[in-house]
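Chains as they are written, first to last, in numbering that gives the first Met the number 0: chain A, 0 to 228; chain F, 0 to 910.
What the hints contain is simulated information worked out from the structure, not anything from laboratory work.
Any given hint could turn out to be false.
Unchecked claim - Only pairs whose alpha carbons sit at most 20 Å apart, straight line, appear in this in silico DMTMM-like list of lysine to aspartate or glutamate: (1) A:Lys104 x F:Asp726; (2) F:Lys752 x A:Asp208; (3) F:Lys511 x F:Glu327; (4) F:Lys283 x F:Glu256; (5) F:Lys750 x A:Glu87; (6) F:Lys29 x F:Asp101; (7) F:Lys752 x F:Glu659; (8) F:Lys269 x F:Glu642; (9) A:Lys205 x F:Asp785; (10) F:Lys750 x A:Glu89; (11) F:Lys597 x F:Asp101; (12) A:Lys104 x A:Glu35; (13) A:Lys104 x F:Glu727; (14) F:Lys759 x A:Asp209; (15) F:Lys31 x F:Asp142; (16) A:Lys104 x F:Asp732; (17) F:Lys759 x A:Glu89; (18) F:Lys678 x F:Asp849; (19) F:Lys759 x A:Glu35; (20) F:Lys759 x A:Glu161; (21) F:Lys752 x A:Glu89; (22) F:Lys54 x F:Glu97; (23) F:Lys54 x F:Glu72; (24) F:Lys107 x F:Glu72; (25) F:Lys217 x F:Asp191; (26) A:Lys104 x F:Asp768; (27) F:Lys31 x F:Asp138; (28) F:Lys759 x F:Asp785; (29) F:Lys752 x A:Asp191; (30) F:Lys31 x F:Asp157; (31) A:Lys227 x F:Asp768; (32) F:Lys752 x A:Glu87; (33) F:Lys809 x F:Asp843; (34) F:Lys533 x F:Glu659; (35) F:Lys752 x A:Asp95.
Owing to the predicted nature of the structure, the values given are computational and were not obtained by experimental measurement.
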Amino acid sequence: MNETTPRILVIEDEAPIRRFLKIVLASAGYEMLEAERGRIGVEQAATSAPDAVLLDLGLPDMDGKAVIAAIRDWSQVPILVLSVRDAESEKIAALDAGADDYVTKPFATGELLARLRVLLRKRAAGQGEPAEIEAGALRINLAARTLAVEGRDVKLTRKQFEVLALLMRHAGRLVSHRQILTTVWGPAHVEDTHYLRIAVGHLRDKLGDDAADPRFILTEPGVGYRLKA
Amino acid sequence: MATPPDTRPAPESFLEAARAEEPAPGGKGKLKIFLGASPGVGKTFSMLEEARTQKRSGLDVVVALVETHGRAETAGMLADLDILPRRRVDYKGQVLGEMDLDALLARKPDLALIDEFAHTNAPGSRHPKRWQDVMEVLDAGIDVLTTLNIQHIESLNDTVAQITGVRVQETVPDAVLTRADAIELIDLPPEDLIRRMKEGKVYLPQQVGRALENFFNKGKLTALREIALRTTAGRVDADMLAFMSANAVQGPWPAEERLLVCVNEAPVAKSLVRAGKQMAERMKIPWIVATVLTPRHESLNATARAARQDAMHLAETLGAETATLRAESDAAGEILRYARARNVTRLVVGRARWPRGLVQKAISLLREPVSEKLLDGATDFEVVVITASAKDQETRRASPLTAPPPGWSRLGGAALESCIAIALATAFAWPFWSWLPVASIAVIYLVAVQVVAFRHGLTGALLGSLIGFLAYNFFYTEPYYSFAVEQYEAVLGLVVFVVSSVVTGVLESRLKAQIESMRSAQARTETLFDFARKIASATKSDDVLWAAAAHGAKVLDARTLILTPDRSGTLEQVQGHPSIEDHLDPAALGAARWAYEKAEPAGAGTGTLPNSEWLFVPLATAGRPFGVIGVRFHDSKRATDPEMKRLLMAVEDQVAVAIERNRLADDLATARIAAESDKLRAALLNSVSHDLRTPLVSIVGAASTLAERGERLSAGDREALALTALDEARRLDSYVQNLLDMTRLGHGDLKPKRAPVDLKEIIGRVRADLARVLRHHEIDIRIARDVPMLDADPVLIGQALANVLDNAAKYAPEGSTISIAAQAREGQAIITVSDGGPGIPEGDRERVFDLFHRATRGDGAPGGTGMGLAIVRGLVEAHGGSVEAGAGPDGRGARLTLRLPLAPPAAEEAP
Numbered sequence: 000m001n002e003t004t005p006r007i008l009v010i011e012d013e014a015p016i017r018r019f020l021k022i023v024l025a026s027a028g029y030e031m032l033e034a035e036r037g038r039i040g041v042e043q044a045a046t047s048a049p050d051a052v053l054l055d056l057g058l059p060d061m062d063g064k065a066v067i068a069a070i071r072d073w074s075q076v077p078i079l080v081l082s083v084r085d086a087e088s089e090k091i092a093a094l095d096a097g098a099d100d101y102v103t104k105p106f107a108t109g110e111l112l113a114r115l116r117v118l119l120r121k122r123a124a125g126q127g128e129p130a131e132i133e134a135g136a137l138r139i140n141l142a143a144r145t146l147a148v149e150g151r152d153v154k155l156t157r158k159q160f161e162v163l164a165l166l167m168r169h170a171g172r173l174v175s176h177r178q179i180l181t182t183v184w185g186p187a188h189v190e191d192t193h194y195l196r197i198a199v200g201h202l203r204d205k206l207g208d209d210a211a212d213p214r215f216i217l218t219e220p221g222v223g224y225r226l227k228a
Numbered sequence: 000m001a002t003p004p005d006t007r008p009a010p011e012s013f014l015e016a017a018r019a020e021e022p023a024p025g026g027k028g029k030l031k032i033f034l035g036a037s038p039g040v041g042k043t044f045s046m047l048e049e050a051r052t053q054k055r056s057g058l059d060v061v062v063a064l065v066e067t068h069g070r071a072e073t074a075g076m077l078a079d080l081d082i083l084p085r086r087r088v089d090y091k092g093q094v095l096g097e098m099d100l101d102a103l104l105a106r107k108p109d110l111a112l113i114d115e116f117a118h119t120n121a122p123g124s125r126h127p128k129r130w131q132d133v134m135e136v137l138d139a140g141i142d143v144l145t146t147l148n149i150q151h152i153e154s155l156n157d158t159v160a161q162i163t164g165v166r167v168q169e170t171v172p173d174a175v176l177t178r179a180d181a182i183e184l185i186d187l188p189p190e191d192l193i194r195r196m197k198e199g200k201v202y203l204p205q206q207v208g209r210a211l212e213n214f215f216n217k218g219k220l221t222a223l224r225e226i227a228l229r230t231t232a233g234r235v236d237a238d239m240l241a242f243m244s245a246n247a248v249q250g251p252w253p254a255e256e257r258l259l260v261c262v263n264e265a266p267v268a269k270s271l272v273r274a275g276k277q278m279a280e281r282m283k284i285p286w287i288v289a290t291v292l293t294p295r296h297e298s299l300n301a302t303a304r305a306a307r308q309d310a311m312h313l314a315e316t317l318g319a320e321t322a323t324l325r326a327e328s329d330a331a332g333e334i335l336r337y338a339r340a341r342n343v344t345r346l347v348v349g350r351a352r353w354p355r356g357l358v359q360k361a362i363s364l365l366r367e368p369v370s371e372k373l374l375d376g377a378t379d380f381e382v383v384v385i386t387a388s389a390k391d392q393e394t395r396r397a398s399p400l401t402a403p404p405p406g407w408s409r410l411g412g413a414a415l416e417s418c419i420a421i422a423l424a425t426a427f428a429w430p431f432w433s434w435l436p437v438a439s440i441a442v443i444y445l446v447a448v449q450v451v452a453f454r455h456g457l458t459g460a461l462l463g464s465l466i467g468f469l470a471y472n473f474f475y476t477e478p479y480y481s482f483a484v485e486q487y488e489a490v491l492g493l494v495v496f497v498v499s500s501v502v503t504g505v506l507e508s509r510l511k512a513q514i515e516s517m518r519s520a521q522a523r524t525e526t527l528f529d530f531a532r533k534i535a536s537a538t539k540s541d542d543v544l545w546a547a548a549a550h551g552a553k554v555l556d557a558r559t560l561i562l563t564p565d566r567s568g569t570l571e572q573v574q575g576h577p578s579i580e581d582h583l584d585p586a587a588l589g590a591a592r593w594a595y596e597k598a599e600p601a602g603a604g605t606g607t608l609p610n611s612e613w614l615f616v617p618l619a620t621a622g623r624p625f626g627v628i629g630v631r632f633h634d635s636k637r638a639t640d641p642e643m644k645r646l647l648m649a650v651e652d653q654v655a656v657a658i659e660r661n662r663l664a665d666d667l668a669t670a671r672i673a674a675e676s677d678k679l680r681a682a683l684l685n686s687v688s689h690d691l692r693t694p695l696v697s698i699v700g701a702a703s704t705l706a707e708r709g710e711r712l713s714a715g716d717r718e719a720l721a722l723t724a725l726d727e728a729r730r731l732d733s734y735v736q737n738l739l740d741m742t743r744l745g746h747g748d749l750k751p752k753r754a755p756v757d758l759k760e761i762i763g764r765v766r767a768d769l770a771r772v773l774r775h776h777e778i779d780i781r782i783a784r785d786v787p788m789l790d791a792d793p794v795l796i797g798q799a800l801a802n803v804l805d806n807a808a809k810y811a812p813e814g815s816t817i818s819i820a821a822q823a824r825e826g827q828a829i830i831t832v833s834d835g836g837p838g839i840p841e842g843d844r845e846r847v848f849d850l851f852h853r854a855t856r857g858d859g860a861p862g863g864t865g866m867g868l869a870i871v872r873g874l875v876e877a878h879g880g881s882v883e884a885g886a887g888p889d890g891r892g893a894r895l896t897l898r899l900p901l902a903p904p905a906a907e908e909a910p
């Protein structure tokens, strides 16, 4: 983490939520910028260059996805979306528009701060990809294309390796089906979720992971996967 | 056509009509007829004069249709009247101008002028006759003025034709005239009329034009004038009677006497009906036209049947009450029985002229005509016998020539069988002839004749007798092997043989006819019974309609259609047999609408839109029809068969009753559902007020304490309060979630986004979500390795599983184990969740899935919403799965079993 205090832009129309987020964010050592309308939020994002954006999808003046698109026009600032439960299609649409992750309302502050931390870390890591990535008991070497689980070498197929590498590069962050399929199988296969399902199934077997009680790969039903941070 | 009660010219019916008119200011319009003895007397002119008077008095008068026939004075009268444009009808390349009935009804004036009451409309019009149009206009509450010549009155048709030698085809039923509120006789002395004609002021219809000299001579015109005057006078008489009756004047009312006209298929039938009408008119008593169906009727050919139908139809048109009676053999007896029952005082019967042929003479000797029998039995009646005219006989004799009898092949068959039977009898008798008396051999021949008679009826009997006679003569009378006869006794024997064989043959044939008739009557009863049974067993309205269409088609031997109105009131085909019609022509659609709106039959065989191929009958029990049933007979003549009409009515009745019954049952069910949903609403209100408030009490309490007195509390107390608020907030959240799910399920807009999903992934996710709820329990998961992917919406099934686990955690004691197991069987995933709780009493195992049902009630009940398991069932069933509750593995605890569909196996290799 940087020495400078990270600045978080909160775009949310409900005053009580903004009030409580201010306390939470301050307690975690962040500075909060506020916007109660989408349009103001987009302006703020441009003028005050925040380190991350916390965006409520249900804004009165603008569709949340339009806000994401407007920001993504010129900025790669991490965007964390606040969304209600059961709105899977909305979540997917937000991710497709360029959001990085989401938190389901109502959320516990611990969960929110964890997601935020992951997003800020990614930003801090920035460019220059390391040859090796480590996440918990997993360690992969991107150049040698090798995987070690708790120090034990595990052989993966090319696709399995690529899926795992993608998840590890974004450890703790949600990676959507579309994102994985586009990166690993190519844009022509975005709809072929069964490729992904089968690959993840095999991957879990090789990692010794149990989907019903996962240690490594978490499922976000209907949306994507997340590597446990 | 207008039917009872005002069709019978009886005093009491005028009273009824008078009563019916009084309280209906917006009811039916009044009809005034300008009656003339012949064309040219000035009916149209008088009508127009009256119209102008009415218009001056402020009425809205419209000329719906008036023929000026190019006469300037008539045209001048039209000048300042409102004239309705005519409807152009293209008929065989000719453009005809007909009255625009719909436009008139839409215009709805006070008074409409409609010329030439007896006019026949162009084919394809709604009604074949203009007087039917007029009836509709009157029904719409519009007053009508119209014109009519006496030769167009149905019952005078014969009389006028006799006087003038010209018969007009366009006639108006007498019953319609009784509808008229006023009849004005337009009288012109014959001399004036002849002068007018010579001046070219009289337009003559074509058929009259041909017989001009015949028509317009003074003698004939005087006769016609007399008839017209008499008709109007009779009418005045009736008006006076109505007035007397309406004003309770004691008068010489005749007792309820009736006139009965008996008709059969003889050509004289129609003349009988007309004569009956006139007699009844003169006597001012109601009249009935009856026909008797005997077994013989079954074996009649189509021409004969049609003659009977025509006569009955004419009777209806003339306003008679009609009755179809049934008798096994004694038609006369049946007629007398019926006549006595109906207080008939006078019988009208017909008698054919003496048949010419020898054979017919022989038959008529054997079969006494019904008229003769009636004369014998009707000692307490006045009987009028009308003999058929020579012309009627001609048509009778001519009819087989125009339509060759279908029986030539049957005749051949009978002849062949006769020959065989006689040959066998001859062969059988051969060994005995030398030592048996010749008379005994005749008996053997008699047996053969009887066999043929039984198989072929009268024809067989006669043929058998003839061939038997020849064979007997040839083989067994001297001289043998010759047709000559020598001995006197042999001649006598032959005569006895012929007579006895004809008599027994005729008896046999009659027996056979009776058996056949009984058989067909039985078959009819059986089909109707069968139909009633099938209809009664249908429990849904759709099934009833289907059964009605299918079995109705079978019973009536026709195509059937059922139409019911949709929400906007447009009739739609809902069922059809063999199928719904792709294209229903406008005439049929019009007939269907008419039948539905006016609640009377329309289409083929009726007075409304008869050129439609379909006959539509309204489906109604009491009150408004709720649809119509249409039939299209394979044989179009059957539409007018009274027998078929009765069958159709019986079918319609059954269908209407069945539908009504189902409708009542549906109404009951709806009422029950409404009562249940009321109960549910009450439970929901109770649940919302209780379950929503309870967590709020804790949250508000804890938060306010922290806000107001936080500093005075110990760190431990503060944490405890904060955790309480958090737990209760989560409970509230799950409650709101349940409410949302329930609402979505209730609205039916829950559409699972199904995809192949791994059950293990769902369970993993649910466990993570419920980590807090499940923290005091062990979770044991056993999923068979061969369980394929589910075909399900992961989010919804996750929600269902979460509710099941939440429920288990609520009831199972802390520290106990909750087991989740899954296996694949018969294309389904069977997922069981068992807990070590108190279990669900057997009687409650189905009810736990009811909304707001809780296994334990009262204060000891674990906090729950009463919605969880109802939601589980809703979610699982939305996937085509099922859920049930049972006892745990060793009869302890509860076990919920979810059955969910599996995804079809996919290629296991990812590229």
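Each hint tested on the structure:
Between lysine 104 of chain A and aspartate 726 of chain F, the direct Cα distance comes to roughly 16 Å. Compliance with the 20 Å bound is thereby established for this hinted pair. Note on lysine 752 of chain F and aspartate 208 of chain A: the hinted pairing is violated, with a Cα-Cα distance of about 27 Å set against a maximum of 20 Å. A C-alpha spacing of about 12 Å is found between lysine 511 of chain F and glutamate 327 of chain F, which places the hinted pair at or below 20 Å, so the restraint holds. Restraint check for lysine 283 of chain F and glutamate 256 of chain F: satisfied, since their Cα atoms lie roughly 9 Å apart, inside the 20 Å limit.
Annotation: proposed proximity of lysine 750 of chain F to glutamate 87 of chain A holds, straight-line Cα distance about 13 Å (limit 20 Å). For the given pair, lysine 29 of chain F sits about 19 Å from aspartate 101 of chain F by alpha-carbon distance, which is consistent with the 20 Å threshold. Distance check on the hinted pair: lysine 752 of chain F and glutamate 659 of chain F sit about 42 Å apart at the alpha-carbon level, beyond 20 Å; violated. Annotation: proposed proximity of lysine 269 of chain F to glutamate 642 of chain F holds, straight-line Cα distance about 19 Å (limit 20 Å).
In summary, the hint linking lysine 205 of chain A to aspartate 785 of chain F is supported, as the alpha carbons are separated by about 18 Å, within the 20 Å threshold. A distance of roughly 16 Å separates the Cα atoms of lysine 750 of chain F and glutamate 89 of chain A; the hinted pair therefore holds under the 20 Å criterion. Between lysine 597 of chain F and aspartate 101 of chain F the CA atoms are separated by roughly 15 Å; this keeps the pair inside 20 Å, and the hint holds. With a C-alpha separation of about 18 Å, the suggested pair lysine 104 of chain A and glutamate 35 of chain A falls inside the 20 Å cut-off, and the hint holds.
A hinted pair counts as satisfied when its Cα atoms are at most 20 Å apart, and lysine 104 of chain A with glutamate 727 of chain F qualifies at roughly 16 Å. Between lysine 759 of chain F and aspartate 209 of chain A, the direct Cα distance comes to roughly 8 Å. Compliance with the 20 Å bound is thereby established for this hinted pair. As the CA atoms of lysine 31 of chain F and aspartate 142 of chain F are separated by approximately 8 Å, the hinted pair is consistent with the 20 Å bound. Restraint check for lysine 104 of chain A and aspartate 732 of chain F: the C-alpha separation of about 10 Å stays at or below 20 Å, so the hint holds.
For the hint pairing lysine 759 of chain F with glutamate 89 of chain A, the CA-to-CA distance comes to about 25 Å; that exceeds 20 Å, so the pair is violated. Between lysine 678 of chain F and aspartate 849 of chain F the alpha-carbon distance is near 12 Å, which keeps this suggested pair within the 20 Å criterion. Among the hinted pairs, lysine 759 of chain F with glutamate 35 of chain A is inconsistent with the structure: their alpha-carbon atoms are about 41 Å apart, more than 20 Å. Between lysine 759 of chain F and glutamate 161 of chain A the alpha-carbon distance is near 23 Å, which puts this suggested pair outside the 20 Å criterion.
In summary, the hint linking lysine 752 of chain F to glutamate 89 of chain A is supported, as the alpha carbons are separated by about 14 Å, within the 20 Å threshold. For the hint pairing lysine 54 of chain F with glutamate 97 of chain F, the CA-to-CA distance comes to about 24 Å; that exceeds 20 Å, so the pair is violated. For the hint linking lysine 54 of chain F to glutamate 72 of chain F, the alpha-carbon distance of about 19 Å falls within 20 Å, and the restraint holds. The straight-line distance between the Cα atoms of lysine 107 of chain F and glutamate 72 of chain F is roughly 28 Å, outside the 20 Å bound, and the hint therefore fails.
Between the alpha carbons of lysine 217 of chain F and aspartate 191 of chain F the distance comes to roughly 10 Å, so the proposed pair stays at or under 20 Å and holds. For the hint linking lysine 104 of chain A to aspartate 768 of chain F, the alpha-carbon distance of about 13 Å falls within 20 Å, and the restraint holds. Restraint check for lysine 31 of chain F and aspartate 138 of chain F: satisfied, since their Cα atoms lie roughly 14 Å apart, inside the 20 Å limit. For the suggested pair lysine 759 of chain F and aspartate 785 of chain F, the alpha carbons sit about 12 Å apart, so the restraint of at most 20 Å is met.
Using a Cα cut-off of 20 Å, the hinted pair lysine 752 of chain F and aspartate 191 of chain A holds, with the two alpha carbons roughly 16 Å apart. Annotation: proposed proximity of lysine 31 of chain F to aspartate 157 of chain F is violated, straight-line Cα distance about 25 Å (limit 20 Å). With a CA separation close to 15 Å, the supplied pair lysine 227 of chain A and aspartate 768 of chain F stays within the 20 Å bound. Simply put, lysine 752 of chain F and glutamate 87 of chain A have alpha-carbon atoms about 10 Å apart, close enough for the 20 Å limit, and the pair holds.
Of the pairs offered as hints, the one joining lysine 809 of chain F and aspartate 843 of chain F holds, with about 17 Å between alpha carbons and a cut-off of 20 Å not exceeded. For a cut-off of 20 Å, the pair hint linking lysine 533 of chain F to glutamate 659 of chain F stands: about 15 Å separates their Cα positions. Our distance criterion of 20 Å between C-alpha atoms is met by lysine 752 of chain F and aspartate 95 of chain A, whose separation comes to about 19 Å.
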